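Hey, can you work out the whole structure from these sequences and the hints?
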Amino acid sequence: MNILLTNDDGYESSGLMLLCDGLSSCGHNVYVVAPSAQRSAFSHSVNLHKELNISKLDEYCGAKIAYISAGTPADCVKFALSALDVKFDLIISGPNNGTNAGFSVLYSGTVGAAEEGAVNGIPAIALSRLGWYPDGGSFASVVEYLVRNLNALFDACICGTLLNINVPDLPMEQIKGVKICPLNTERIFYDNFIKVEGDDDIWSIKGEWLEIDESKDNDITFNNRGYITVTPILLDRTNYAVLEKLKGLVKC
Numbered sequence: 052m053n054i055l056l057t058n059d060d061g062y063e064s065s066g067l068m069l070l071c072d073g074l075s076s077c078g079h080n081v082y083v084v085a086p087s088a089q090r091s092a093f094s095h096s097v098n099l100h101k102e103l104n105i106s107k108l109d110e111y112c113g114a115k116i117a118y119i120s121a122g123t124p125a126d127c128v129k130f131a132l133s134a135l136d137v138k139f140d141l142i143i144s145g146p147n148n149g150t151n152a153g154f155s156v157l158y159s160g161t162v163g164a165a166e167e168g169a170v171n172g173i174p175a176i177a178l179s180r181l182g183w184y185p186d187g188g189s190f191a192s193v194v195e196y197l198v199r200n201l202n203a204l205f206d207a208c209i210c211g212t213l214l215n216i217n218v219p220d221l222p223m224e225q226i227k228g229v230k231i232c233p234l235n236t237e238r239i240f241y242d243n244f245i246k247v248e249g250d251d252d253i254w255s256i257k258g259e260w261l262e263i264d265e266s267k268d269n270d271i272t273f274n275n276r277g278y279i280t281v282t283p284i285l286l287d288r289t290n291y292a293v294l295e296k297l298k299g300l301v302k303c
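Those letters in the sequence shown? Residues 52 to 303, by this note's numbering.
None of these hints come from the bench; they were simulated from the model.
Heads up, some of the hints might be wrong.
What the hints assert, rightly or not - Cross-link-like lysine-lysine pairs, in silico, DSS-like; alpha carbons within 25 angstroms at most:
hint, residue 1, residue 2
1, K246, K230
2, K115, K138
3, K230, K257
4, K246, K227
5, K227, K257
Said to hold, decoys possible - Restraint ranges, calculated between C-beta atoms of paired labels, are given here:
hint, residue 1, residue 2, range
6, S255, K302, 45 to 53 angstroms
7, A292, G211, 46 to 54 angstroms
8, D287, D251, 42 to 50 angstroms
9, G78, K267, 39 to 47 angstroms
10, A121, L300, 45 to 53 angstroms
This one's a predicted model, so the numbers in the text were calculated from it and none came from an experiment.
All C-beta atoms in this analysis are idealised placements derived from N, C-alpha and C, irrespective of residue type, glycine included.
Given below as structure tokens:
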């Protein structure tokens, strides 16, 4: 397969390097376009009014071609689809250093890059590992799962949908299995802006994860129980039930 890799943690991510090497070693043609630095929580944003520095790397973990971009994760995908003369079979964004479950998908640059692939009709996967580490931590289990199950996941991709995958921060032998499940819709991502002490004009977003009902079956609760989760996410955000209701209510 011709596979495009990107992420939101930057091209120096050990997870991206490990995934690139693993897929290349399996005989896939791997291409990389990744941000030059950390771009977490950029969602699906793109630079419409800014010129971007995009440079080619001489070598990157077995990739056919690799670039680093000063843009967002979605910019990286747009560049690859426009500037590289490659027909991509699959786009994989990640593996992310930290979870992208529940409402986190609304903020995630990892998910935003996968969405950009899906918008262009290319099968797309957003891949994340639970647990955030300043040094990146270990990505062994998440990469092993993706490489081992690549063909099955590719076959499950359909037009207009991306697959969002979260893997527990555990050795593979301790992971209990895989659950196909919906997103959690209770937990809110960081919810407070805090004034920085000593400067009235500087604020920082902070917050704790809100408690959730652990009895419900969704991506966060299954992750907490030690399962890998796979959630199909639609690009079409239309609420069709309300759409029909509005047709009878809204009049000129």
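Worksheet item: Can the restraint linking K230 and K257 be considered satisfied, given a maximum Cα separation of 25 angstroms?
Response: Violated: K230 and K257 sit about 31 angstroms apart, past 25 angstroms.
Worksheet item: Is K115 close enough to K138, meaning Cα to Cα at most 25 angstroms?
Response: holds (13 angstroms)
Worksheet item: Between K246 and K230, does the CA-CA distance stay at or below 25 angstroms?
Response: violated (41 angstroms)
Item to complete: Could you check the hint for me, namely that A121 and L300 are 45 to 53 angstroms apart, CB to CB?
Response: holds (47 angstroms)
Discussion item. Just to be sure I understand the hint, the distance between the Cβ atoms of G78 and K267 should be within 39 to 47 angstroms; is that true here?
Written reply: Between G78 and K267, where Cβ atoms are some 41 angstroms apart, the hint holds.
Worksheet entry | Given hint K257 paired with K227 - CA-CA distance at most 25 angstroms | Violated: K227 and K257 sit about 32 angstroms apart, past 25 angstroms.
Worksheet item: Hey, K246 versus K227, does the alpha-carbon distance stay inside 25 angstroms?
Response: violated (42 angstroms)
Worksheet entry | Satisfaction of the hinted span 46 to 54 angstroms by the C-beta atoms belonging to A292 and G211 | For G211 against A292, whose Cβ atoms are near 19 angstroms apart, the range 46 to 54 angstroms is violated.
Worksheet item: Has the hinted range 45 to 53 angstroms been met by the Cβ atoms of S255 and K302?
Response: The hint (45 to 53 angstroms, Cβ to Cβ) holds, given that S255 and K302 are roughly 47 angstroms apart.
Worksheet item: Is 42 to 50 angstroms a correct range for the gap between the Cβ atoms of D287 and D251?
Response: Holds, since D287 and D251 (Cβ atoms, about 43 angstroms apart) stay within the stated range.
Of the numbered hints given earlier, the model fails hints 1, 3, 4, 5 and 7; all others are met.
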